[in-house]
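Participant: Given two chains presented individually in distinct reference frames, assemble the corresponding complex, making use of the accompanying hints.
Letter by letter, the chains look like this.
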Amino acid sequence: MITVENLVKRFGAKCAVDNISFEVKRGEVLGFLGPNGAGKSTTMRIVTGFMPATSGRVTIGGHDVAENPIAAKKLVGYLPESAPSYPDMTVGGFLAWAADMRGLDGARKASALQRVTELCFLQGVLHQSVDTLSKGFRHRTCLAQSLIHDPEVLVLDEPTDGLDPNQKHEIRQLIKRMGETKAIVFSTHILEEVEACCSRAIIIDRGRVVTDGTPEQLKAKDDDAGMVTLRVHGVDAGTVQAKLSQVVEAGRVTASAEGTRVVARVEARRRGEGGDLANAVAEVVHRERWRFDELHTEEGRLDNVFRKITRPDSARS
Amino acid sequence: MEGTGRGVVVRRMKATRFMDQERTNMSEGLRNMWAISRRELGGYFNSPVAYVFIVIFLLLNGFFTFSLGYYFERGQASLAEPFFSWHPWLYLFLVPSVGMRLWAEERRSGTLELLLTMPIAPWQAIVGKFLASWIFLGIALVLTFPIVLTTAYLGDPDNGSVLAGYLGSFLLAGAYLGVTELMSAVTRNQIIAFIISVVVCFFLILCGWEPVTQFLVNHLPDGVVSLVKGLSTWYHFLAFQRGVIDVRDLLYFGSVMGFSLFATSVVLRGVRGA
Ligand SMILES: Nc1ncnc2c1ncn2[C@@H]1O[C@H](COP(=O)(O)OP(=O)(O)OP(=O)(O)O)[C@@H](O)[C@H]1O
Ligand SMILES: [Mg+2]
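Going down the list, the sequences are from chains B and V.
Everything in the first sequence is counted per this note's numbering, starting at 1 for the first residue and increasing by one.
Everything in the second sequence is counted per this note's numbering, starting at 1 for the first residue and increasing by one.
In short, the hints are calculated from the structure, not lab data.
Note that the coordinates shown come from a computational prediction; the quantities given were computed from them, not determined experimentally.
One should not assume that every hint holds.
[Claimed, not checked] Under 10 angstroms between C-beta atoms, here's a sample of chain V residues computed to sit facing chain B: (1) A35; (2) G42; (3) G273.
[Stated by the list, open to error] Quick look at which bits of chain B chain V covers, simulated, 3 or more residues with Cβ under 8 angstroms: (4) 46–57; (5) 73–82; (6) 101–115.
Beta carbons are placed, not taken as given, at the ideal position from N, Cα and C, and that holds for glycine.
With the rest of the complex left out, here is chain V (with noise of 0.2 angstroms):
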């Protein structure tokens, strides 16, 4: 009997050591994540380009908005039309230019051996510049808030719509940003990396536009048409856009984001071996 207890005692000793190695390991590795999302980050706000493209971003959002998305002939206090469905084609070609240098910048200048041989998991770095774009898109996002405070001030919009919307608009640009991070870890070229991603994202929205499914839907089963319009980032952003947060569009983006996550780290597996 003694010896068993002991035995329990000792394997629970273990497991609370094993914890605690797992604990350490865990904060260490947010630290070292964190090391490197603010190396990022301090490169994109120590550079005009970043400011250049939160400009530009707002710009635009500001023109789609008040004057192709005829938001004040609409006279509806909904950012739905006017100002969210711009957004996939926005971020069509603002993500991949945030994301193009994250790794194909750290292959060409070599940086790539210095990273990669500091004691760190590959997925610390992987997901460290992930975050790191993601957070800057977040700011560029959050900086759109004078088109919400002007609908506010002219009409009485749906807190709780606009707040979906924004959710939806920042996994969208997740799930762009996380493409873009796998482009970039394919090739040692920016450029090439950028125009990858443009046209890989541009698949993910067609297969889920209304016109292209109108057309599929004439020539294909409707099974294979769904699917199809499943995969699309399109069609799982509309949802939000309407005001409406469904749990299968945030699976849907966040296997976005966990693939290509992944596949980078497969890639750049590949990219260190040869």
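The shape of chain B in the complex, shown without the other chains (with noise of 0.2 angstroms):
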């Protein structure tokens, strides 16, 4: 539903978007991750068409956003980043508003309000003022509104940005149900809403994507991905550590005593043996009738991936 091929924005000399290229089919949820100033916002303002690209090209259901701009638009619905809505209007003005402009009306217009009113829980505010709405739901008025048309691509700017836990919850799952027949982008800075809702992730640096993949395939560039954390008791670290060590697919292991316990932990010799290192690490355990309370594999941690591949650069504005 949407591509991006090339796509490159300069403000005067400065590269905020270098040659972004990516595609999200219906039925993905693509998350778009960087540091602050990478050029996430850049990019979605591209993509809905809020801003021409200097050069490259966006299509949205087969339309050129630069050629055929309302076309691609209808099929489209965004958040904004600063989640705007005209203060002086009500809530339920607002989302009348964007209905009309979305050419919704009567009994279409009635029912698309109900639907985005009951998914974004607007109920008790609907004839508040926006102007008095606490920033939450002021965010959630904006995310209704870009429900309203129940639009088959949605960029999302951030949506889970100042809501309570509960609502953090909720936006997740919605995001989750509707990436199902949707194609959804939302970019974010909570990692875990990676994990929790998306099919695939992005990471950009300085415009540029650094990686692009699932987020298993994410986690799994983590340094720390497929090693195996024993944890024992009733023996001694120099024991623990020495047949340990004996592991075919083991590479470095360490093992020290924490209390009454000893924790190893085994790197795998190679990448991606996660499952087998364990297997052998478990055959040692049961041989040498050691007790232990805790065996896992690690997957890896995306903030660890993000923190490995962005490196901080105080210059960037």
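Facilitator: See the structure below:
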């Protein structure tokens, strides 16, 4: 539904988006990650037709955003980063305006209003003026606006920003559910969100895509991924280290005493053999009749991966 | 023969389909425009500012007409001098105060991003906003009718002249409003938009205002003076004020509005790009 090819956006001398390409199909939820100033919002502004690109091509449902903007925009629901709405309107009035802009009228408009009000939990504030809403409600009002025409494509810039934990959970569930039938791109700084609802994630840094893959593939890039941790008691650290080092699949082994227990970390000799390694370690435990209370394979953590591939740079604005 | 015939039919069918397409686009365009106008109008009337504006407008009109305009002393049943002649000055401040927020506010609050990612053409938003403010100014203008009634009660004014005066006044407001909408797109600060609009509109008055043209005549060749005069809202409003509707004056006001709205679209394109 969304294709982005070699997208470049320059602001003066500054290159905010530097040759980004990706594709989102129906049924996919793409997570957009990256440090502040990486170019996430800029990319989304170009995809939704707000900004023209310096070069490159964006199509939505086959319509080129630059050449056929209206047809493309009809398919898209967009939640801008600042979740703007008109402060002098009521929530209901604002949503009705959004429905008008999307060409909904009569019964379709009424049912659309009803639907988004329920989806975004706005029943209690429909008659309240937007400028008296709390930040989270304002955010949800703007989110509701993006869903009013039940679009095939959703572009959400930090959809859970400013929401309370319950609402974050609800909105993630909503994104995940809608992702089954729509093409969704959303940006976030909350990495659990990627695991909770993305089918794919892209990390961009300084305008370039640095990784693209499923959350599992990304996590596997963690240096600790595949490492097996074992916690035993009743033996000393030296013995544990010696015995585990004999395992064929094992790479580096460290063991240290923590109170009455010994914690051993076994790295795989080669990446991607986590399952076998855990089995081999379990066999040693069994053979030596160690008493253990923990044995698990590290999946890798997204925040480690994120830190590893997007180096901090204070010069970035 | 048959082949050509069929070709013509096909072409005609294509043409009708194209026209249908155009027609739906057109009605869709009008619908979008109206949705935008309605929101803007709602914005005016939901806030006390609109009512304050209308009251000030009416009070000033009354003050200028009856006090400064020597309405009663003139002893004439004419609105030209005492009433309409003040409008260029009244509008100078009142129209920018109505139009200053049109785009500046959208830019400041970030709703511009929302508005311009809706499936509408930018001109629909530009014209929609313009119409809303113009309708609002029109309502304020219509509410001056007691002055006309007073005149009709006291004497026997020429209805045609009164209507021409109102038409001219409305067009004048539209011209200022176009300038204001343009200036409002240039900045995200309403106050700055207001100030630049007042300055520009002031120049549009000045370059046709008699004291200035008198001065220019002594210093510049005639051709230049008439060109400068031709650019002035004052000069073109004068005829309406006297009850004359001239196509050239209509064209002038039409083109000021058209040009400002077109320039607004150019400015907005720049705003989105940077
Ligand atoms: N209108 C603009 N004019 C000039 N520079 C801009 C403009 N918009 C964005 N930039 C620059 O482009 C870069 C990317 O900004 P962008 O807002 O896309 O980052 P982001 O990835 O969304 O960051 P965040 O996580 O903080 O939201 C930044 O360096 C920013 O300063
Ligand atoms: Mg951003």
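Participant: Give a verdict on every hint.
Facilitator: Hint by hint, here is what the structure shows:
no. : hint    : result
1   : A35     : holds, 4 angstroms
2   : G42     : holds, 7 angstroms
3   : G273    : holds, 6 angstroms
4   : 46–57   : holds (count 5)
5   : 73–82   : holds (count 6)
6   : 101–115 : holds (count 3)
In summary, this structure violates none of the numbered hints.
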